Structures are given as structure tokens and as C-alpha cells.
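Q: So the chains spell out like this:
Number of protein chains: 2
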Amino acid sequence: MGSEKVVIIGGVAAGTKAAAKAARENQDLEIVVLTMDRHVSYAGCGLPYYIGDVIREEKELLVKRPKDFRADFGIEVIIDTEAIKILPADKTVLAKDLNTGEKRSFAYDKLVLATGASPFIPPVEGAKLGNIITVRTVREATAVKKLLSERDIKDAVVVGGGMNGLEIAENLFLKGIKTTVVELAPHILPAHDADIALNVQKYLAEKGIRVLAGTAVKSFIDDGNGDVGAVAAGEELLKADLVVLSVGVRPNVNLARECGILLGSTGAIAVNEKMETNLNGIYAVGDRAENINLITDRHVWYPMGSTANKAGRIAGINLAATGAEDTMQGVLGTSVLKLFDLNIAKTGLSERDARALGYKVETVLVPAPDRAHYYPGSREIVTKLIVDRESRKVLGGQIFGEGVVDKPIDILVTAISFGATVDQLARLDLAYAPPFSTALGTTIVAANVMMNKLAGKFTGVGPLALKEKMAAGALLVDVRIDKEYFVRSIPGSINIPLRRLLERVDELDREKEIILNCKVGLRSYLALLKLKGLGFEKVSILEGGLVAYPFETE
Amino acid sequence: MGSEKVVIIGGVAAGTKAAAKAARENQDLEIVVLTMDRHVSYAGCGLPYYIGDVIREEKELLVKRPKDFRADFGIEVIIDTEAIKILPADKTVLAKDLNTGEKRSFAYDKLVLATGASPFIPPVEGAKLGNIITVRTVREATAVKKLLSERDIKDAVVVGGGMNGLEIAENLFLKGIKTTVVELAPHILPAHDADIALNVQKYLAEKGIRVLAGTAVKSFIDDGNGDVGAVAAGEELLKADLVVLSVGVRPNVNLARECGILLGSTGAIAVNEKMETNLNGIYAVGDRAENINLITDRHVWYPMGSTANKAGRIAGINLAATGAEDTMQGVLGTSVLKLFDLNIAKTGLSERDARALGYKVETVLVPAPDRAHYYPGSREIVTKLIVDRESRKVLGGQIFGEGVVDKPIDILVTAISFGATVDQLARLDLAYAPPFSTALGTTIVAANVMMNKLAGKFTGVGPLALKEKMAAGALLVDVRIDKEYFVRSIPGSINIPLRRLLERVDELDREKEIILNCKVGLRSYLALLKLKGLGFEKVSILEGGLVAYPFETE
Chain A
137 MGSEKVVIIG GVAAGTKAAA KAARENQDLE IVVLTMDRHV SYAGCGLPYY IGDVIREEKE
197 LLVKRPKDFR ADFGIEVIID TEAIKILPAD KTVLAKDLNT GEKRSFAYDK LVLATGASPF
257 IPPVEGAKLG NIITVRTVRE ATAVKKLLSE RDIKDAVVVG GGMNGLEIAE NLFLKGIKTT
317 VVELAPHILP AHDADIALNV QKYLAEKGIR VLAGTAVKSF IDDGNGDVGA VAAGEELLKA
377 DLVVLSVGVR PNVNLARECG ILLGSTGAIA VNEKMETNLN GIYAVGDRAE NINLITDRHV
437 WYPMGSTANK AGRIAGINLA ATGAEDTMQG VLGTSVLKLF DLNIAKTGLS ERDARALGYK
497 VETVLVPAPD RAHYYPGSRE IVTKLIVDRE SRKVLGGQIF GEGVVDKPID ILVTAISFGA
557 TVDQLARLDL AYAPPFSTAL GTTIVAANVM MNKLAGKFTG VGPLALKEKM AAGALLVDVR
617 IDKEYFVRSI PGSINIPLRR LLERVDELDR EKEIILNCKV GLRSYLALLK LKGLGFEKVS
677 ILEGGLVAYP FETE
Chain B
137 MGSEKVVIIG GVAAGTKAAA KAARENQDLE IVVLTMDRHV SYAGCGLPYY IGDVIREEKE
197 LLVKRPKDFR ADFGIEVIID TEAIKILPAD KTVLAKDLNT GEKRSFAYDK LVLATGASPF
257 IPPVEGAKLG NIITVRTVRE ATAVKKLLSE RDIKDAVVVG GGMNGLEIAE NLFLKGIKTT
317 VVELAPHILP AHDADIALNV QKYLAEKGIR VLAGTAVKSF IDDGNGDVGA VAAGEELLKA
377 DLVVLSVGVR PNVNLARECG ILLGSTGAIA VNEKMETNLN GIYAVGDRAE NINLITDRHV
437 WYPMGSTANK AGRIAGINLA ATGAEDTMQG VLGTSVLKLF DLNIAKTGLS ERDARALGYK
497 VETVLVPAPD RAHYYPGSRE IVTKLIVDRE SRKVLGGQIF GEGVVDKPID ILVTAISFGA
557 TVDQLARLDL AYAPPFSTAL GTTIVAANVM MNKLAGKFTG VGPLALKEKM AAGALLVDVR
617 IDKEYFVRSI PGSINIPLRR LLERVDELDR EKEIILNCKV GLRSYLALLK LKGLGFEKVS
677 ILEGGLVAYP FETE
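Sequences listed follow chains A and B, in order. So for the first sequence, our numbering puts the first residue at 137; every next one is plus one. So for the second sequence, our numbering puts the first residue at 137; every next one is plus one.
Heads up, some of the hints might be wrong.
In this list, chains with the same sequence are indistinguishable; a pair is considered to hold if it fits within one copy or across any two.
[To be verified] Here are the simulated lysine to aspartate or glutamate pairs, DMTMM-like style, with alpha carbons at most 25 Å apart:
#1 593 / 204
#2 529 / 643
#3 281 / 688
#4 668 / 618
Hints listed in this document are in silico derivations from the structure and should not be mistaken for laboratory results. Quick caveat, the model's predicted, so the values are computed rather than measured.
Looking at chain A on its own, in the form it has when it is part of the complex (with noise of 0.2 Å):
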């Protein structure tokens, strides 16, 4: 009886997962993991840290080499080789040696697909200059470190404001590179709401680094060596010695469409629950597989390393047919990063997905501090919530702020993963402790908020919606005291504070639109049931206050 052979294609996060944990399940395959890179099972997601020397050396970034793989499981790893053809009828794979050209066929009972996804090159001219690089592997990093160190890069675009681009940007400026983003969407990190989007490019701008979004990139300009010299973007020169393209990465399909593996209607791969493709004893995993989301019950693509870890882990316990099963569930596209002090992070449907795909929305935008006031490090965060008016449940959430932001928005993946409503998640009985949140925490704060909305208890104006409210003639009222406001206020506010509300109630005209702001909301709340109270009908708080709010002040 011959063991099972099992042959895996990449061999990054999903691939090196599929392969150790099947051979943890069941000994007795015959493991071949073909790579073309150097380097297998390494920290994708690191790349941008070891560029800004958060990360020192390449190797803290090698999870794995290729003979820990033999050593520990007993899998064999060939590098520098390239899979061209896939035989199913054979169960064959063909491979070149990418040194020497020689080719080798693999054959296989198991075949798992995990080439990931390669990036995008924009179809711009002069793209192919030197210096204009992207960074999707260690060896590119490596090379951009080289740059970095051997030449006086001054000046550096990155191309696409996507978390990735973004992660880049922040670690050359680290650098001390004059960076600047040029980003084509209306506001960086596309998918998450322009609300949230636009406090970060906000953030980055006073920081020092430059950001141009809505803008295309025209053409990259010789610098007269052949490196690249200037980007024009929009209508600007842009100074550049070094380029680094982030705008997306695009499934690495090809192998699998030529064998005749079907692909889903994102363009990667299609597969089952169990991660299988339509031809049997193929599975697809990472980067280039689709995925469900777990809201809309549609088919995503989101190239995700914690994804990519969990489909490898199911596909090792399929393939290694020991009688046990796992099957992926849907995903929510949830995402986290760091720029800077600023955290940002997102789970489920932004307001535009939720409003395209016809959910009757109800948002609120929700500054609190992310521990006790009086705790030292405590720090402000904003939660905006996204929820369903009919069902009250939970659609997505985005978050962001000096403060912990992984938190909360693992809170609001769990609940949402169970199709918790905003009043479920008002009652969760979390962790409290001085050090570590306030009393009822932000995510309480913010679904408290969230049902007094609902409740028709307020009514709200998002920061976008502020100035075209009051170019039509609404008020805006801001009700913190007088030091408050003279340090910072929004260009057309009037200043009344709370406590002085009711005596200079007169002031208002009752029958324009006012509405009210303050740090966070809360006063701006108090001040509307005074108003309200007095009969004022049009009365509305801007949602988030001064601390969400995305514009200049003054």
C-alpha cells in the first residue's frame, strides 16, 4: 500500500498551513510543497515593518525553512520552482527549476492550489522604470531595504492608499522619505466609509505625509538613467525617487483555468465549504480562493493572511481524509491597522455596502474614551456602527483612534458572527477594570447611543452632511463652554454653552434648523432634550462631535 501523495502549490501562509497541519492529521502522506520563491512561510503581513526597520533582520520574518518542514513534519519543500501545468486526468503536476530550467512532474492524490495572488501593475506608462517596485514578497523587501541603504532616496510615491500602501507610506516617512500617496478612489483605504477614510487622511496630513486622493496616476518620468524621477499625478509633478505600487493584487489564476478549475464570479477561484474545487482532489486556498461573506451570504474575495491561515488549516484536515472534517465559515472582511499612533479598524458592511445592497441603515458615530479617564494612556476612539432599522442587527462596524481599536472591533466580529442586535450588544457582560476599559466600555456606549437613535430619541447630521445643512441655512450651535470653543470650533458655529442654554434660548430662531455640537456628543445630546423640552422641533446633533469630525477647523 503506498502512501498518499499530496503535492501543494505555494508556499506562504496558506500553502506551509495546509501542509503541516495534513501532516499532522495523518502521517502517512507523502508531502511535496513546490515554490517559486526563495524563501516558504513567511510574515507576509510584516513586509511594510521590515521595510521601516520596526523589524530588523529578514530572517525574524522566516516563520519556517524549507528543513524545519522536513525535520518537524516531514515535508518536502522545493523552492525556485515553478508549477506550469496541472494534469488532472494524470493527477500530475508539471514544475520547472527556475535556476537551471529543468522540468520534474510531481504526481499527486491531493492537489492544493495556493499561488496566492500577484500585484496589480497599473497599465500607466513609464511603469517599468527603475525604482518602481511593489512588495508582496521578502526577497522585494530586501531589495527595497538595498535601495534604501545604498542610495539617497529622498523623495518616494506610493501608488494606491489601500492599508497596505498605507502601512508602506507610514514606514518610509519612518525613514525619513518625503512620502506622498496618490490614491485614484475619492479618499484612501476605499473600502472603509469616507467618514472614518477621511479622519485618517486628516491624520497622515498633519503628520507630514501628503495625500492626493482622487487622483490618477498619468505616467512615471526617466530620471534620465532609467530610474524613475517624477510622477505625474493629476495635474502634478510629483518628485520621485523611488515608486512603490499598492494599488491591489489580482488572484493567480491562470494555472487553475487552464486545468479547467472553475473560477467564481470575483475572479478567483470557486470553492466549497470544505475548500475543493469542481475537480475532484483539487483544493484552493489563500489568497486566490473566494470566499462567502457571512452577512450577505455573497461570494468575496478578500486576500486576507487570517483567512488564508484558517482555509489552509481546513483544506490540511480534508485532504488528509482521516475521517475528521472542518468546513470554512462565511467572513466578514475585517481588518485592522496601525499608522502612525492611529489605529483603524473595520468588520462587516460599510454604510455604503449596507445602503447599496438596500438595507433600511441606521449609523451613529461614537467618540469614547478607550479606558477610564482618570487611567494614565486612556484614549480616545471613535465606534461608528452600522445596524439594520427592521431586523436591529448589527451590519458592520468601523473604528478608529489613538486608543485600542483590535478590541472592540473583535467584539463586534463575534457578535455579528452570531447576528447579534444592537441590543444584545448592549448587554454584554465585558471585561471592566480601570486599566483596561470604562465602566460599560466603548462598544455599550456605542450601542446605547445607537438605541436611543433607533428610539427616536435624536436625530443626527454626519460630518459630511454638515456643510451643505448649513449652506441651506441650518445653525450650528456648539454647546461646550467658552475655552473649549475658543481653542477650536467649527468655521460657522456659534458658541452657547449648556449651561447657558436655557437662559439664552431666545437667541435661536425656532423655526430654522439647529444643529448641535460638542466634544463627543454627549452635551450636544443634553442640550437637544433641553430644546426639545422647550418645543423646538428641528433639532439635530452632529454625530461624533469635534473629535469625529474630518474638516478643518478653526
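The hints should help you fit chain B onto chain A, whose structure is shown.
A: Coordinates of chain B only, in the frame set by chain A:
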């Protein structure tokens, strides 16, 4: 039409929360808060940090002053006033001014009892000596601070090793005071399981705080001036010029009981989910009211700030009687605390509780880094999961380590609140980026280990059972590399590194029970798979490895 009168007895978390919420809900209410204290709405959970000067000013602890309640909510707060009798038939509360002795009566339509809990004073000889104190109020904490600044306090004994006692011990120690904790129960943190609590005990000892667990205080000894000079505890006489009593609190229920309000089986006031007592129009909230445990559906009494705040809010909504209603969900007894750089969190049932309740319990003890191992600041935490083998539901969790524990405990809180199985826990799409998490995250890693254990892929030996097993002849085999073994190992273990296991397998007696250990458990698991592959039958792994091992190593 006169407005409805609301009287609230008690002015800390739950009482002021109920008052403020009721005022916001219904501006027609006439609300009076009676409190025996001089301070209202203070941060009770911050008191230990105030003693340790982490929080420097008394005023930082005071969330709102009485005059703020008047200005913002129209609420009248009457300080230094004790409610001495409730007359339900007359809907009246009799109260006494503690300064003048003057009596006043307050009519109510709705009454909220929020007088909290009082520290328990153990009936031990000498308990009334000077410098033997409890720390439940700002007044008491300020008195301790004064004592520390005016007298040269050198030795402190904290009686009671619960969360509050340990927080106080840490803060006294940080002030340079030699501190000993005396706990009657077999280990500190009596609500936690021993395998967790003993690790905390070991950590405190390493930091320099002496812990005497399983030790009764026999008497407090006069220093000759009417102040405490020493504590007789167990067989020892401990020098002490300051004693803090922190042996728990008892709900203040006399006032309620005398007027016919029913208590529950826990001794606290029985309330329904709207926080109503058995008497019409009388609510009870905070540290004096019972709750329902969400898992067991039994009545419990967890005097926690987070629960008090939620209950206050719910009572406020319900008594405002605007048509809106809110109800309390069950609680999980969630807690978190920080001691030096060690964080300890707990939710749901402990292993001990779960076994006592008759569940078919399975547990795992899983160390894992809290963020990417290569990202600066990455720290190990240990997750204990407690699961019901039959339903596969998560019953509880305990987490400790120098890394982030409040995030994973809140994920467990949320999951348990929705009746999650361990399989569902393993599939959560949690947020991942290197500064925040590993690709899977500690929760999912622990869930995966539990799934392996439930599937019979390994059997574990808990650290508490190890000694007995070894005494009965089991062989402890440490499979780390020799360099690691020589630095630190468990007494009696032998070293066979994982990668040399196959060549040295003849050194192992197949008839003996073999327990494998390594740093975190992963290499032990690989070794177990290898040995099982070779036909070994009596092999298990030391749960939690050296990281979670709470006893002396060499």
C-alpha cells in the same frame, strides 16, 4: 398635575447612573439622590491606583460633583445623609443628616435602592486597632494616602487575596512598602482555577510580594499605642504598621429587608429583569442586587462596577416610564485585573464551578503570543478554555500573561453570550495585522487545540496533576533543544529534543506512561504524534508547557 418624584438612595455608580438616565429619559421627573458620603459618582475601581499615585489627584476620581447633577440634569443630590427607614405604605423615605442629626422625610413615586455593599470585617481579635482599614470610598483612600505621607509605613499586610486586595497590595508595594498578602482560601483569586491563580501567585512572589495562601488571620496585635503592630497569621507573626482588610463585601440590605423587600438566595436583594423588587415602584441596582448567571440561569451576586452601571441605566429607563423598557441580561461574572505587568482575565464558569454543576468538562491550557512574534512588544499569554464535551459549548475562559488579555476575554464573553461552540469560536473572522495579533489569534489557536483534544488527537496532563503522575512512575520527557532545557526545566524531567526523538526512541519504556513537555505544547504535540505513530499508547502532553507551569523549575 404634579411631576413624578423619584428618590434614589446611594450615590456611586448604579445610583447616579439611574438618576442621570431617568432624567434624560423624562424631563418631568423630580429626582433626589441621598448619599451618606460626601462624594458622589466616583470611580470606586480606581481607588487602588489612587493609593499608588498612578492617579495623583482625588478630583480625577470624581466623575461629577453634586452641583453638576443639578446643572446638567436638574437632579438634587443630598450628601452626608443616611436613609434610615423606608415606609412603603406612605411611599416615603426617612433620612438623617449625618452632620446635624436632623431628620427629613422624602416622598417618592419611584424609589431606587443603590446603597451598594459594605466591606466585611472579619471577627478577629484586634480588628478595631488603628491603621487597620478598608478601602471602599474616596474618603478611606484619601485617609490611607494621608497615613502613607505622614507616617513612615514600612510593612503592610493585606488580608484577602481577591482582585481588590491584590490591586491594593501592588500599589502599596510600588510605594516602597514591604507587603504580604494573607488569603484563607488555598490560593489567591479564589474565583479562578488553581492552575491560573498559582501562576499569579508565583509571579507576585517573583516581584517581591509575599503571598500566604491557605492561611487564617488569628489576631491583630497592638503596637503599644493602639495601632496595629503585627498580624498573627497561620503560624507566623507578620510585622505590620498598616493592615488593609479586603476579605469581600456584603450587600447592604438591612434598610430593604426591614420594609419587607425580599432577598434572594444569595443574600442580595431579589429583582426581576427590569430591576424591580417585590414592592411596587421600588427598584434595586448595583452591588446590592442579584443577577442571573447567563450560563446556568441561577441567581448569582457579582458586585462589579460594569454590572452596576448597566443595571443603573436599565432602572433609569424603566422607572422613567416613558413607554420605553429595558431589561437586564444575565451576567457571566467577567473580570480583568492588572498586577504589575501581568494581566489576568476570567469569564463564565471556572473549571471547578463547571464540574460542580455536573458538566462533562474538557479544558485546555494554551500559551500563544498576543501579536506577531516579530513585532516589538509581542508577549505570551495563556488561555484556559472550559468547554462542555457534550454540547461543545464554551462555558468559560481564563487568560493570563504579560500580553493583552482583555481583548480575548471579551471575545469569549461575546461568544459565550450567544451560546458559541468551540467550533464556532475557531471560525471567527477576527482582526489581524502584525501590531495587533497573530494571523489566527490566541482565541482561535486555543479553540483549535480544544477541537484536537475533543477529537481524541491527544490527551493532556494538567500542571497540577503532574507531580502525582510522576510519583506514580510516569516519565516526563522534555522535547525542547538541549540549550533550552539547561536554562530551565521541570525537576525530574529528562531531555530528548524533538528532532532526535526517533533515533533515541529506544530509551523510552513503552510500558510506562510518558508525559511530553516543551515550552508551549506544540513540540510536545508533534512528539506525541511521532510516538503514537510508533505504537506508543500511554503518551500525553503537559498542558501549557513550561509557560503555564506554576511551580518551581530548576
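Q: Return the numbers of the hints above that this structure violates; sort them in rising order.
A: Violated hints: 2 and 3; rest satisfied.
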